[in-house]
Amino acid sequence: MSKFYTFLKYFFITFWTVFVVAPFLWAVSTSFKDFQSVNSKVTYIPWLDFEPTLEGWRVLIKSPAKGGVDIVEPYFNSIFVTCTASLISIVLGTLAAYALSRFTFKAGFVRNNDITFFFISQRIMPPIVLSIPFFIFLSTIGLLDSLLGLVVVYIVLLMPIAVWIMVDFFNRVPKELDETALIDGCNPYQAFYKVVLPNSIPGLIVAGMFCIIFGWIDFFFAFILTFTEVQLLPVKVVALNSSITPWWSLSASALVSVAPLIIVAFIVERYLSKGNLSGALK
Amino acid sequence: MNFKHKFVFLFPGLFVLIGILIFPIIFTIRLSLSGWNSYTPEMNFIGITNYIRLFTDDPRFWESFFRLSFLSVTTVILQYVIGFALAMIVWREIKFKRFFRVIFLVPMMTTPVIMTVIWRTFFHESLGPVNDLLGGLGVKPILWLSDPVIAKFTVIIVEVWQWTPFMFLLLLAGLLSLPKEPFLAAAIDGASPFRKFVYVTFPLMAPISIGAIIIRLIEASKIMDTVFVLTSGGPGTATETSSFYIYIKGLREFQMGYAATLSFTYLVIMIISLTIIAKVLTKLMIKE
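As given, the protein sequences belong to chains A and B, one line each in that order.
Under our numbering, read the first sequence as residues 1 to 282, first letter to last.
Under our numbering, read the second sequence as residues 1 to 288, first letter to last.
Do not take every clue at face value.
[As the list claims (entries may be wrong)] Rough simulated footprint, nothing fancy, chain B against chain A, three-plus residues with beta-carbon under 8 Å:
#1 10 to 20
#2 208 to 220
#3 254 to 262
[Said to hold, decoys possible] Derived, one-sided and incomplete: chain A residues facing chain B with beta-carbon distance under 8 Å:
#4 VAL38
#5 LEU95
#6 LEU100
#7 PRO133
#8 VAL152
#9 MET159
#10 GLU269
[Said to hold, decoys possible] Chain B residues, not near chain A, derived (Cβ > 12 Å throughout):
#11 VAL139
#12 LYS140
#13 ALA185
Hint data in this document are derived by calculation from the structure and do not stem from the laboratory.
The C-beta atom is built at its ideal place from N, Cα and C for all residues, glycine as well.
Use the sequences and the hints to build the structure in full.
Written out as structure tokens, the structure reads:
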């Protein structure tokens, strides 16, 4: 029984690991192919099955005028939009989460839980529902096809995540902490800034990572709300797909786009193994 | 504590969110009562004509909605079962534990549309590796993207790949935060691993499971990116979900008024059904 169970266990995780890794291996292999080795028959291993070439990677940094793809600018746009929106969401979300965790609000039938639910429920909103009015809203105030416009929209996407994680986190930070600080003569803002915040670093990091993940992987808003002036990375890569589909540069640009967040997987794992995440994610 | 301070903390976030959202929501409701389309791009008032059309004369929307329900419920169940199994395995000591944990987390860090572009080449019917390898085993080429039934399962495979890690993360974080005493007690009683799971682990994990399932259902109901790139709703309308149908009506056919009607109705249905699902799950999983 126990041997069979161990076998099953290892079989299952091996199978899943192969499944997780397979598309990446395929993409890496494809990125070194040329027209011939993509279109004649299915090839896998460089040198053995086909002669590798760096063409797929070279076009990434060429300017469009010379037949390149130029994903450098979209790359920085993506980084800017994601980081700015995440930062604003974390600051505002953390303040609101602190208020919801420490004070009691009462307005008619509205209680703390209802306000928290209002924040989090914004995630239910499908992007398509918001994208049409946002399109008209942003064109009215002249922010269509601009980085600032996207930041505004992304705040709606990300602040719910920040509030969700930070409310739970603050609920676990003992109240005595702020009370002692208040008795020691701090005003509420100092108590928050000097005592509670330093004790909330793990929660802030988790919330920050989640905001960055969900900001970085968004495609739809960027797709609807930008055209030519500003392009974000996912839109750029997908646009490649709809043109003549050169699989090699497609794979290369896809790999470059997903690479930075893989680091986040390592950070999340570290927090998980140290036990910091369990408090922040429940 | 002083009365005013709490508002200083809460209001910036609350008002920014309301400020950004108030216009889109009011605008959507108003737009849904208008006949705005590419011929008459103006905010006229046609009452509830659009709603009557939706409820009496638009089977395609309801089909897309049931398709969405099928896809999201199936993917979330699969994600939950697989995610729970993976979390259980790497919860206890195992060789290369941290390596597996990282590997299992990676897919959720990748951009869905971009990975879907890769999946599309992966499932390509003549030049992709899946059919090639299956062909080596003597299996006939499978029409991953152009068969109406199989295309649904291709979407499910990609969604499960993409989002099982999120479920895994939430469940593993939950497992790691469980108290140790019940497990010690079960060990002293000499409970088998199976009984331990049924009587100790699973009940303790019930609240976390409910939370994780609800979060994933919310996210899965927005499934759009995958469909958009992988199949564009096709073949025919075989993989068309509600979001994608609204997208076609609104931003391809420019029936803005009608698309707003669809959006608003869809949103109301989502909020009601998710609330009901949350209540039912809570009843089912927490019996005691």
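Run through the hints listed earlier and report the numbers of any the structure violates, in increasing order.
Of the numbered hints given earlier, the structure breaks none, since each of them holds.
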